[in-house]
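Just so you know, the sequences run in chain order V and Y.
Numbered per the working numbering, the first sequence spans residues 1 to 114.
Numbered per the working numbering, the second sequence spans residues 1 to 263.
No lab work stands behind these hints, which were simulated from the structure alone.
Since this is a predicted model, take the numbers as computed values, not measurements.
Just so you know, not all the hints are guaranteed correct.
Some chain V residues judged to face chain Y by a derived CB distance under 10 Å, without partners named [to be verified]:
hint, residue
1, Gly47
2, Tyr50
3, His54
4, Arg55
5, Asn71
6, Lys74
7, Trp95
Quick list of simulated restraints, FRET-style, between CB atoms [said to hold, decoys possible]:
hint, chain 1, residue 1, chain 2, residue 2, range
8, V, Val37, Y, Gly56, 53 to 63 Å
9, V, Val102, Y, Ile52, 19 to 29 Å
10, Y, Phe87, V, Ser38, 46 to 56 Å
11, Y, Glu45, V, Gln36, 18 to 28 Å
12, Y, Gln78, V, Thr21, 38 to 48 Å
13, Y, Glu34, V, Gln82, 31 to 41 Å
14, Y, Phe87, V, Glu23, 18 to 28 Å
We put the beta carbon where it would ideally sit given N, CA and C, even for glycine.
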Amino acid sequence: MPQPTDLLQGTLDLLILRTLTLEPMHGWGIAQRIQQVSKNVFQIGQGSLYPALHRLEYKGWIQAEWRASDNNRKAKYYSLTQTGRGQLETEVESWDRLAGAVAAILNNGKGAPC
Amino acid sequence: MLRELLSRFRFFLAGRDHGQIDEEFQFHIDQQREANIQAGMSAAEANRQAAIAFGGFQRTREQCREQFPRYWLETLLQDVRYALRGFRRNPAFSITVVFTLMLGIGSTTAVFSVIDRILFRSLPYGDSSRLVSVGLTAPIEPQEFALGGSYYVWQDNQKPFVSLTSETGVEPCDLTENGPARLNCAHAEANFLPTLGVVPILGRNFVANEDRPNGPKAAILTYALWLNRYRSDPGVVGKPITIDGQTREIVGVLPRDFEMPRL
Numbered sequence: 001m002p003q004p005t006d007l008l009q010g011t012l013d014l015l016i017l018r019t020l021t022l023e024p025m026h027g028w029g030i031a032q033r034i035q036q037v038s039k040n041v042f043q044i045g046q047g048s049l050y051p052a053l054h055r056l057e058y059k060g061w062i063q064a065e066w067r068a069s070d071n072n073r074k075a076k077y078y079s080l081t082q083t084g085r086g087q088l089e090t091e092v093e094s095w096d097r098l099a100g101a102v103a104a105i106l107n108n109g110k111g112a113p114c
Numbered sequence: 001m002l003r004e005l006l007s008r009f010r011f012f013l014a015g016r017d018h019g020q021i022d023e024e025f026q027f028h029i030d031q032q033r034e035a036n037i038q039a040g041m042s043a044a045e046a047n048r049q050a051a052i053a054f055g056g057f058q059r060t061r062e063q064c065r066e067q068f069p070r071y072w073l074e075t076l077l078q079d080v081r082y083a084l085r086g087f088r089r090n091p092a093f094s095i096t097v098v099f100t101l102m103l104g105i106g107s108t109t110a111v112f113s114v115i116d117r118i119l120f121r122s123l124p125y126g127d128s129s130r131l132v133s134v135g136l137t138a139p140i141e142p143q144e145f146a147l148g149g150s151y152y153v154w155q156d157n158q159k160p161f162v163s164l165t166s167e168t169g170v171e172p173c174d175l176t177e178n179g180p181a182r183l184n185c186a187h188a189e190a191n192f193l194p195t196l197g198v199v200p201i202l203g204r205n206f207v208a209n210e211d212r213p214n215g216p217k218a219a220i221l222t223y224a225l226w227l228n229r230y231r232s233d234p235g236v237v238g239k240p241i242t243i244d245g246q247t248r249e250i251v252g253v254l255p256r257d258f259e260m261p262r263l
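Isolated chain V (complex conformation) (with noise of 0.2 Å):
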């Protein structure tokens, strides 16, 4: 198994928010379905994983509800709101470009040399 990889700061915002388009979420099942996806490459601390879903929170990106769990306990799910939406595609278009600039230095010099 691949040893977990540090999240950088921002890049665990943008994997919630992207969760959180399929359905609203709990915390746990947030942590579960990035380690689900990724193939248990990224392990989300609860350090890490409670303090960002609250911040987002509070900055009117996801909003929280507690219901009733698939086994009827009390729990507190997240969802996207609108402006969440719009902020998701932000972050995935800075992604793109961060994940481009990247690939395109590390490529430099395997193809013709400079």
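Once you have looked at the hints, place chain Y on chain V.
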């Protein structure tokens, strides 16, 4: 954008409920435990592993609370309370501190209000770097002075200065008309204000004719007198004013920040 602001405002007022955070975390741990049991762990081991996976409960709770500005306010209040308790515990020290600050701030303000004018503020005149005070000095009068007759000879024949002017010094005088008052008056020459680079904000400066011994009597008001007695009436120019029983014509008003030159 509006939503974001509203959300922030709401959280600023409401803050965060401690119990809710705990409940949220507990739910997370329970979920993890269930998952562990389903993965085949014993109940005790599942509990243990879930707690390990979650990590520092207290620390995460703190970090969640730190996301809100109220946290900052709360810690500030805590610090203030702690400081005040410290003062009460040690009154002798507190009184000494307060007293020291009192003296320090008081004396600094007092000294600075004097020093400020002397050292830091430039003179409130046009070209203050070219202004000098000249004349005789004597132990009884620290400010330079000149004696009448010789002064006029000096003024007529001097070469070093572009302009040489004089005033008599500010002395008490009486406004002897309706609503009498004690004022401060000074006699100045027609070239006095131009030499200082001061222009009346209303009316005109004295003219050469008014300098002569039996010339027309004219007066220029200070801004404060104009404001208080004449309610800033722009029609004051040309009106008579009786000072020490002698009627003069008001010809102008000085600027608000005008000061007589003092050393």
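For each hint, the structure was consulted:
Because the smallest distance between the Cβ of Gly47/V and any Cβ of chain Y comes to about 5 Å, under 10 Å, the interface hint for this residue holds. With 10 Å as the threshold, the beta carbon of Tyr50/V comes within range of chain Y, its nearest partner Cβ sitting at about 5 Å, so the hint holds. With 10 Å as the threshold, the beta carbon of His54/V comes within range of chain Y, its nearest partner Cβ sitting at about 4 Å, so the hint holds. The beta carbon of Arg55/V comes within 4 Å of a beta carbon in chain Y, closer than 10 Å, and the hint placing it at the interface holds.
Interface hint at Asn71/V: satisfied, since its Cβ lies 7 Å from the closest Cβ of chain Y, which is below the 10 Å cut-off. Against a cut-off of 10 Å between C-beta atoms, the interface hint on Lys74/V holds, since the closest Cβ of chain Y lies about 7 Å away. The restraint placing Trp95/V at the interface with chain Y is violated, with a minimum CB-CB distance near 21 Å, outside the 10 Å limit. The hint said 53 to 63 Å for the Cβ distance between Val37/V and Gly56/Y, and at roughly 26 Å that hint is violated.
The hint said 19 to 29 Å for the Cβ distance between Val102/V and Ile52/Y, and at roughly 34 Å that hint is violated. Look at Phe87/Y against Ser38/V: about 54 Å separates their beta carbons, and that is inside 46 to 56 Å. Range check, Glu45/Y to Gln36/V: about 23 Å between beta-carbon atoms, so the 18 to 28 Å window is met. A beta carbon spacing of about 40 Å between Gln78/Y and Thr21/V agrees with the range 38 to 48 Å that was offered as a hint.
Restraint check, Glu34/Y to Gln82/V: a C-beta distance of roughly 34 Å satisfies the suggested window 31 to 41 Å. Taking the beta carbon of each, Phe87/Y and Glu23/V are about 55 Å apart, not inside 18 to 28 Å as hinted.
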